[in-house]
Amino acid sequence: MPWDGPVADTVAAIGAARSHCGDTFVIDSGDDRYLFLFSAQGLQEFYAVPEQTASKGIADWKMLVRKLPHELFEGRRTLPHELFGRTDVRGYLDALEEAISRRLGGLSLGDEIELFEFTRRLGHSMGLASWAGMEILDSPRFDELIVALDALDGAEAFVVPTRMREVARSGKAPEYEAMAAAEQIIAESVAARDSPGDDLLGTIIGKWAGTTGQERLGGIARDVILVHLASMSNMFAALGWSLLHLVQHPAVLARIRAADGRDRDLASRCVLESTRIGQRSIMLRSVLAPVTVNDGSVAYDVSPGATLATFLPLTNLAGAPGLDRYDPDRWQGRSLASPAGLPAEAVTTFGHGVHACPARPFSVTAMVRVIERLFGAFDLEPRFSHASPKPGQIGGVARAAEPCIVQLHPR
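This note's numbering applies: residue 120 is where the sequence shown begins, and numbers increase by one.
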């Protein structure tokens with residue numbers, strides 16, 4: 120596994136193990152044992168195992184705590200699913216529009232932008248405007264906050280897993296420093312509010328009623344930080360691939376523009392397709408109680424302490440002929456319509472069942488609005504010849520291995 124030492128190409132390495140061993144195999148990594156499942160029934164059982172038997176939450180935490188200070192997870196009163204458990208996104212549309220307007224307002228014809236750097240900064244603005252209050256965008260320390268959040272970024276645990284040895288050797292000193300800086304900046308902004316407000320930040324503030332001083336401000340700030348890191352670490356990358364694929368497929372972009380906002384479902388399907396292609400997530404379930412998993416050929420008794428696993432790029436891109444190609448018309452709403460007859464678990468964008476990403480409505484809405492407004496204002500001429508995922512990544516949506524620069528032209 121890539122956190123044991125350098126792996127040139129994680130997808131190729133695990134793919135080679137599957138080719139050699141079949142759809143079910145074990146990887147031992149240090150003290151950890153992973154049972155990988157790729158068959159149709161194996162995938163169904165992977166997602167069907169109850170959380171109390173094999174926990175995705177604990178597995179995700181074990182991954183993230185390689186990078187993030189464990190104190191960030193302690194005493195939280197607001198969790199992401201509490202802000203995103205509804206499909207109605209009206210509560211944060213104003214914040215999204217304001218953040219997008221400000222970012223696009225800073226662009227000029229002839230500018231060259233690197234797509235993933237552009238979406239990273241925009242993602243910070245959209246997220247923080249939503250749950251840290253729109254006033255945070257006017258903070259004189261906003262740029263400092265972005266630097267701190269980038270340094271704290273828990274996604275590094277799976278984007279650059281080999282760096283986790285360095286993080287461990289340092290005792291996470293840079294991460295603790297970044298968390299303290301972000302906490303202070305957010306707390307200052309919250310303290311300047313006259314009232315909690317009726318936005319998402321107001322919801323978070325309300326969870327800390329009855330507390331005062333540093334307990335209150337620090338608790339609110341850490342709630343905001345955790346919601347932000349949990350919700351935005353992959354959205355900017357999915358948005359980056361969505362923009363990049365539309366640059367590479369002008370006929371699809373022309374259809375979006377011709378719809379003029381009336382067929383928003385097309386842009387949503389583009390987002391789903393780019394997210395499907397960009398997925399590099401290793402899906403993990405930490406086994407807490409004895410469980411039997413049947414892959415369709417063999418029943419495996421799995422003991423506590425082991426981890427059930429599957430790897431999305433090996434299913435999303437190779438589960439059926441044609442899945443290696445970009446085609447937003449393979450989606451019907453949120454469901455994969457082509458290839459027909461494919462089990463639901465064979466392709467994953469935002470997860471399945473109780474483990475579906477709670478931020479999906481927010482993320483899709485935000486990405487669609489950026490697509491509509493950016494391509495409504497500019498043509499994007501590619502200045503890159505090739506775009507590929509970072510080869511060592513094992514988790515989340517792929518980061519690009521090389522800069523993907525475009526130049527802005529008038530429509």
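Please note that the accuracy of each hint is not assured.
[As the list claims (entries may be wrong)] In silico DSBU-like links for lysine-lysine, alpha-carbon gap of 35 Å or less: (1) K326 with K181; (2) K509 with K291; (3) K175 with K291; (4) K181 with K291; (5) K326 with K291; (6) K175 with K326; (7) K509 with K175.
[Unchecked claim] What follows is a list of derived Cβ distance ranges for each label pair: (8) T331 with P501: 30 to 40 Å; (9) G460 with G325: 45 to 55 Å; (10) Y445 with V145: 17 to 27 Å; (11) G424 with H200: 21 to 31 Å; (12) R195 with G316: 12 to 22 Å; (13) S314 with D147: 33 to 43 Å; (14) Y445 with V417: 50 to 60 Å; (15) A310 with A418: 49 to 59 Å; (16) E254 with T331: 47 to 57 Å; (17) H189 with A377: 44 to 54 Å.
It should be emphasised that the hints constitute simulated quantities derived from the structure, not laboratory data. Ideal placement from N, C-alpha and C gives every residue a C-beta, glycine not left out.
Against the structure, the hints:
1. K326 with K181: Distance of about 26 Å is within 35 Å: holds.
2. K509 with K291: holds (24 Å)
3. K175 with K291: Holds: K175 and K291 sit about 24 Å apart, inside 35 Å.
4. K181 with K291: The given pair, whose Cα atoms are some 15 Å apart, holds under the 35 Å limit.
5. K326 with K291: holds (29 Å)
6. K175 with K326: holds (26 Å)
7. K509 with K175: holds (24 Å)
8. T331 with P501: 30 to 40 Å: Hint violated: Cβ distance 54 Å, outside 30 to 40 Å.
9. G460 with G325: 45 to 55 Å: Given range 45 to 55 Å: holds, Cβ gap about 47 Å.
10. Y445 with V145: 17 to 27 Å: violated (34 Å)
11. G424 with H200: 21 to 31 Å: Since G424 and H200 have Cβ atoms about 27 Å apart, the given range 21 to 31 Å holds.
12. R195 with G316: 12 to 22 Å: Given about 20 Å between the Cβ atoms, the range holds.
13. S314 with D147: 33 to 43 Å: Hint violated: Cβ distance 55 Å, outside 33 to 43 Å.
14. Y445 with V417: 50 to 60 Å: Given range 50 to 60 Å: violated, Cβ gap about 36 Å.
15. A310 with A418: 49 to 59 Å: holds (58 Å)
16. E254 with T331: 47 to 57 Å: Violated: the Cβ-Cβ distance is about 22 Å, outside 47 to 57 Å.
17. H189 with A377: 44 to 54 Å: For A377 against H189, whose Cβ atoms are near 51 Å apart, the range 44 to 54 Å holds.
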